[in-house]
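Asker: If you count by my numbering, then the sequence shown holds residues 5 to 385, one letter each, in order.
Errors might be hidden in some of the hints.
Claimed, not checked - Cβ pair distances, simulated, as ranges:
| no. | residue 1 | residue 2 | range |
| --- | --- | --- | --- |
| 1 | Thr200 | Leu58 | 36 to 42 Å |
| 2 | Asn357 | Phe89 | 37 to 43 Å |
| 3 | Gly224 | Ala363 | 40 to 46 Å |
| 4 | Glu279 | Asp106 | 54 to 60 Å |
| 5 | Pro371 | Arg286 | 35 to 41 Å |
It should be emphasised that the hints constitute simulated quantities derived from the structure, not laboratory data.
All residues carry an ideal CB built from backbone N, CA and C; glycine is no exception.
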Amino acid sequence: MNSGGAGDITCPTVLRVRMGVNTNLNKENCPAVPGGMHPHWRGRIIAMAGLFGLLLLAAIFAISFGSVEVPFFTTISIMISKIPFVNIIPDWAVNTQTIIWDIRLPRVLLAGVVGMALAVAGATYQGLFRNPLADPYLIGVAQGAAVGAVLGLILGIGFDVLGIFTTPLFAFAGAFGAVGVVYMLARVGNRLTVTTLILAGVALGSFLTAIVSYLITVSGDKIHSVMFWLMGSFSMAGWESVKIVIPIVIIGTLVILLFARSLNLIQLGEEQAQELGVDVERMKIILLTAATLITAAAVSFVGIIGFVGIIVPHAVRLIWGADYRFLLPLSALVGAVFMIMADIASRTLVAPNEIPVGAITALVGAPFFLYLLRKRTRMLF
Numbered sequence: 005m006n007s008g009g010a011g012d013i014t015c016p017t018v019l020r021v022r023m024g025v026n027t028n029l030n031k032e033n034c035p036a037v038p039g040g041m042h043p044h045w046r047g048r049i050i051a052m053a054g055l056f057g058l059l060l061l062a063a064i065f066a067i068s069f070g071s072v073e074v075p076f077f078t079t080i081s082i083m084i085s086k087i088p089f090v091n092i093i094p095d096w097a098v099n100t101q102t103i104i105w106d107i108r109l110p111r112v113l114l115a116g117v118v119g120m121a122l123a124v125a126g127a128t129y130q131g132l133f134r135n136p137l138a139d140p141y142l143i144g145v146a147q148g149a150a151v152g153a154v155l156g157l158i159l160g161i162g163f164d165v166l167g168i169f170t171t172p173l174f175a176f177a178g179a180f181g182a183v184g185v186v187y188m189l190a191r192v193g194n195r196l197t198v199t200t201l202i203l204a205g206v207a208l209g210s211f212l213t214a215i216v217s218y219l220i221t222v223s224g225d226k227i228h229s230v231m232f233w234l235m236g237s238f239s240m241a242g243w244e245s246v247k248i249v250i251p252i253v254i255i256g257t258l259v260i261l262l263f264a265r266s267l268n269l270i271q272l273g274e275e276q277a278q279e280l281g282v283d284v285e286r287m288k289i290i291l292l293t294a295a296t297l298i299t300a301a302a303v304s305f306v307g308i309i310g311f312v313g314i315i316v317p318h319a320v321r322l323i324w325g326a327d328y329r330f331l332l333p334l335s336a337l338v339g340a341v342f343m344i345m346a347d348i349a350s351r352t353l354v355a356p357n358e359i360p361v362g363a364i365t366a367l368v369g370a371p372f373f374l375y376l377l378r379k380r381t382r383m384l385f
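Produce the entire structure from the sequences given, and follow the hints as far as they go.
Answerer: Shown next as structure tokens:
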């Protein structure tokens with residue numbers, strides 16, 4: 005088998021051409037696979053470094069900006085002063101430190117991590133399903149979390165486990181319960197059929213959405229809290245939620261990154277990937293579990309935030325190509341920046357009131373999604 009270049013049979017575009025399928029043949033359409041490195045890999049590494057710098061700037065801006073504006077250098081000094089063995093004589097008010105450290109910093113951290121989780125999960129689902137319009141909520145994660153969260157809000161049970169309060173616990177249980185049912189329905193013998201998985205997810209998602217609609221009608225005076233959660237918000241972010249979500253998302257993301265090469269190969273089709281040494285069934289189970297885990301962790305604490313998992317990976321793919329060794333980390337960085345900026349807009353556009361961050365992402369994401377849909381339709385016809 006040849007390696008690298010436009011004539012490489014491991015390139016899905018070339019493979020489709022040889023099978024007689026019309027497509028635009030160029031190297032940008034080919035993910036890098038064993039035997040060849042994409043010629044623009046240096047540019048992608050530079051892009052990652054640039055996006056990381058942009059992420060830091062966006063985070064500092066988000067922490068400094070608000071109803072009480074704090075100078076950039078004061079914000080940085082307050083955060084540095086929290087590093088062990090670093091002595092900085094404070095020249096800021098106590099309430100300024102409280103605003104920065106206890107209110108804004110955990111909110112910004114949670115926004116960045118949730119954006120990263122949804123973008124990485126979206127890229128993973130798109131790779132597994134070989135469909136650029138797939139998103140993290142395709143197999144019922146969001147709908148299951150919604151049922152659990154709405155039940156928690158309506159019941160108002162006031163207990164916590166390891167610092168996790170009722171609503172996130174119920175949401176997390178609902179998310180994994182829903183996905184567990186979908187897995188069982190889609191599994192045939194030792195195989196997990198992707199088509200059946202999607203169909204089961206859509207069917208169960210519709211059923212759970214109907215349950216949520218019923219629960220909303222009987223929620224009484226809790227309806228405002230229910231609707232605000234369903235549209236997504238970081239208003240309740242605190243260090244407790246940050247300490248729980250960050251480890252889950254980091255571990256799940258690292259697991260997914262280990263399978264970046266396999267995601268490249270599965271774009272050829274499951275049979276070809278199997279012939280090239282990929283244990284496809286094992287990979288599907290591990291990646292679906294990891295992507296579901298980070299999605300459930302995200303939505304359990306902040307609610308349902310749409311479109312991030314669709315538009316971010318696809319935008320990254322359009323700009324930097326489809327090599328999952330770069331697509332995944334670039335999606336993580338872009339998702340984090342996008343979510344932090346969306347959260348800034350949600351809390352400042354109509355201050356002192358707050359717009360649910362899900363409404364902001366929908367305003368940006370829906371037009372982009374329609375653009376993708378129109379472009380995909382033109383390609384098919």
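Asker: None of the hints should be skipped; say for each whether it holds.
Answerer: For each hint, the structure was consulted:
1. Thr200 / Leu58: 36 to 42 Å: This hint holds: roughly 40 Å between Cβ atoms.
2. Asn357 / Phe89: 37 to 43 Å: With a Cβ separation near 42 Å, Asn357 and Phe89 satisfy 37 to 43 Å, so the hint holds.
3. Gly224 / Ala363: 40 to 46 Å: At roughly 24 Å between Cβ atoms, Ala363 and Gly224 fall outside 40 to 46 Å, so the hint is violated.
4. Glu279 / Asp106: 54 to 60 Å: 55 Å, holds
5. Pro371 / Arg286: 35 to 41 Å: Given about 39 Å between the Cβ atoms, the range holds.
Hint compliance for this structure: hint 3 is the single one not met.
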